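Asks: Spelled out from the first residue to the last, the chains are:
Protein chains: 2
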Amino acid sequence: MSTRGWTGQATELLRVGDGFRLSDVDPGSRPGYEGGKKDGAKDLATGIEALGELQERLFAASQVGEAHDAVLLVLQAMDSAGKGGIVRHVVGGVDPQGVSLASFKAPTDEERRHDFLWRIEKQLPEHGRIGVFDRSHYEDVLIGKVRSLAPDAEIERRYDAINEFEERVAASGTRIVKVMLHISPEEQKSRLMERLERPDKHWKYNPGDVDERMLWPQYMDAYQAVFDRTSRPGAPWHVVPADSKWYARLAVQELLLAALEDIDPQWPAADYDVEAEKARLAAS
Amino acid sequence: MSTRGWTGQATELLRVGDGFRLSDVDPGSRPGYEGGKKDGAKDLATGIEALGELQERLFAASQVGEAHDAVLLVLQAMDSAGKGGIVRHVVGGVDPQGVSLASFKAPTDEERRHDFLWRIEKQLPEHGRIGVFDRSHYEDVLIGKVRSLAPDAEIERRYDAINEFEERVAASGTRIVKVMLHISPEEQKSRLMERLERPDKHWKYNPGDVDERMLWPQYMDAYQAVFDRTSRPGAPWHVVPADSKWYARLAVQELLLAALEDIDPQWPAADYDVEAEKARLAAS
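Chains H and Y, in that order, give the protein sequences.
Using this note's numbering, read the first sequence as starting at -12 and increasing by one per residue.
Using this note's numbering, read the second sequence as starting at -12 and increasing by one per residue.
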């Protein structure tokens, strides 16, 4: 894990542990980081280099079939909290060949005719990749609960199903990094207003965003239930205060770096005779 | 189309037209660009900004269902010609959410039991996306021809099938940008040797690369046949001299910019009442 402008470990400071209360988190805070926005920009650039090299090693190790490691970043948040910016500015710094990105919207008719995890399973990253879920199976216990899209008993079943699913994914070699970007309702209002004020942002606004916004307390309760039920050692949740976009990006980058440093991928050894190949190539 | 350090139009200068001979192209040349490597780096950075904005407009326009445009970049080349670098440094500058990347290796058993275009069709980019094919259906008339993986009559059939397929794809709104990165055998030798000399590059080397290299003249003939048979107005080929990596990246960026400027995507109008939404949001 990188230190730089950090005074503490993001993995520790942001992790949802026993007794965690979402209502205790200040969306405007910047746990563990004492630098300002300028330091943040510098550290983000340094982190992109580090992430790029680790990702290349991860990819390389998987190409010769030795390693079965992958990383899965699960991003959940209220609208406008900055998921897109994370994808663009944190994940976007990595070689696209090593990333697989899946965005989960309202399920299709076909998807509805399967268990809620069916479409998720299909999008799990291959070995050697960093997978990113922009929304995820957690929608099925967030909007699913708030909007009563499924009976209570089914919501209950899903928490357990998620835990078993993630346990299997983790055991197969995928580091799961679950992140909730946490903004304040005031910050959301100002971001949505900006979308309405700028014609080049109109397409990003959806009247449904305000409908969901009206249910803010219910969503926070649903998130709390998610943390209580599904933050477990092999797949812990992290709550990232996100009123500062730059801090949120830096923090998610730290979480990804920590996952990759934990894997510690190594350049694979050649599975051919290097000297013989040099001679063959020289003669060609 | 951007001009900057360019003295000519890359689309025109690199396009495969009537009477084109691959053997006339110097892989060390830099058609249309008079600047040096430093100018190239600057122009690439400027181009990334421009490409990013055009891609966002393209994506936005598709989100409200008005526009059916997409771009498909088809990359073909001999090993080590720099396809990966194009993906990393040209495509990598664009928001990953707007890109869909497909890499075609030797077909799987299932793919072999279908027509050669079956797996290609499935990877076509959605509206609003920039699709990138790292290798493509052209492998089936390149290695397919050189290695006699299919009878001559089948190879002949495929040229026509490709033309009909691409005509349909273009008519549906996808701009097809076909690029062959053209390196010299000497440059390839030095790049492959570097992979053998650096332990962190060993994984990129495959003894099969030298086997293919021995068939250089046959591959050049197969490319010439591809250009003769499949460079057509709606889906022209471009041959990009690639001994200078920086020139090749800049040139492919120009081709992508030209395709997007031809689409000229516009920010879509709001499909809701902006003033009413402002009031509703303010009250929330």
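It is worth saying that the hints were derived from the structure and are not from the lab.
For clarity, every value in this text was computed on a predicted model and none was experimentally measured.
Where hints are given, some of them may not hold.
Same chains, same label: a pair holds when it works inside one copy or across any pair of copies.
[Stated by the list, open to error] Cut-off 25 Å, straight-line C-alpha distance, at most; resulting in silico cross-link-like pairs (SDA-like, lysine to any residue):
no., residue 1, residue 2
1, LYS232, GLU36
2, LYS191, SER171
3, LYS92, PRO172
4, LYS109, ARG155
5, LYS92, GLU113
6, LYS109, ASP260
7, LYS109, GLU98
8, LYS92, ALA256
9, LYS188, ASP249
10, LYS176, ALA137
11, LYS29, ARG200
12, LYS109, ARG99
13, LYS109, GLU53
Asks: A separate judgement is required for each hint: does it hold in the structure or not?
Replies: Evaluation of the provided hints:
1. LYS232 / GLU36: both (20 Å within a copy, 20 Å between copies)
2. LYS191 / SER171: Answer is within; shortest intra-copy Cα gap is 19 Å, inter-copy 47 Å.
3. LYS92 / PRO172: within (22 Å within a copy, 48 Å between copies)
4. LYS109 / ARG155: within (14 Å within a copy, 29 Å between copies)
5. LYS92 / GLU113: Both, since 22 Å and 15 Å are each at most 25 Å.
6. LYS109 / ASP260: For LYS109 and ASP260, neither the intra-copy (37 Å) nor the inter-copy (38 Å) Cα distance is at most 25 Å.
7. LYS109 / GLU98: both (11 Å within a copy, 18 Å between copies)
8. LYS92 / ALA256: The answer is between: 22 Å across copies meets 25 Å, while 41 Å in one copy does not.
9. LYS188 / ASP249: between (39 Å within a copy, 23 Å between copies)
10. LYS176 / ALA137: Close neither inside one copy (29 Å) nor across copies (61 Å); limit 25 Å.
11. LYS29 / ARG200: Close neither inside one copy (34 Å) nor across copies (43 Å); limit 25 Å.
12. LYS109 / ARG99: Intra 15 Å, inter 22 Å, cutoff 25 Å: intra and inter.
13. LYS109 / GLU53: within (23 Å within a copy, 29 Å between copies)
Consistency with the previously given hints fails for numbers 6, 10 and 11, ordered from lowest to highest.
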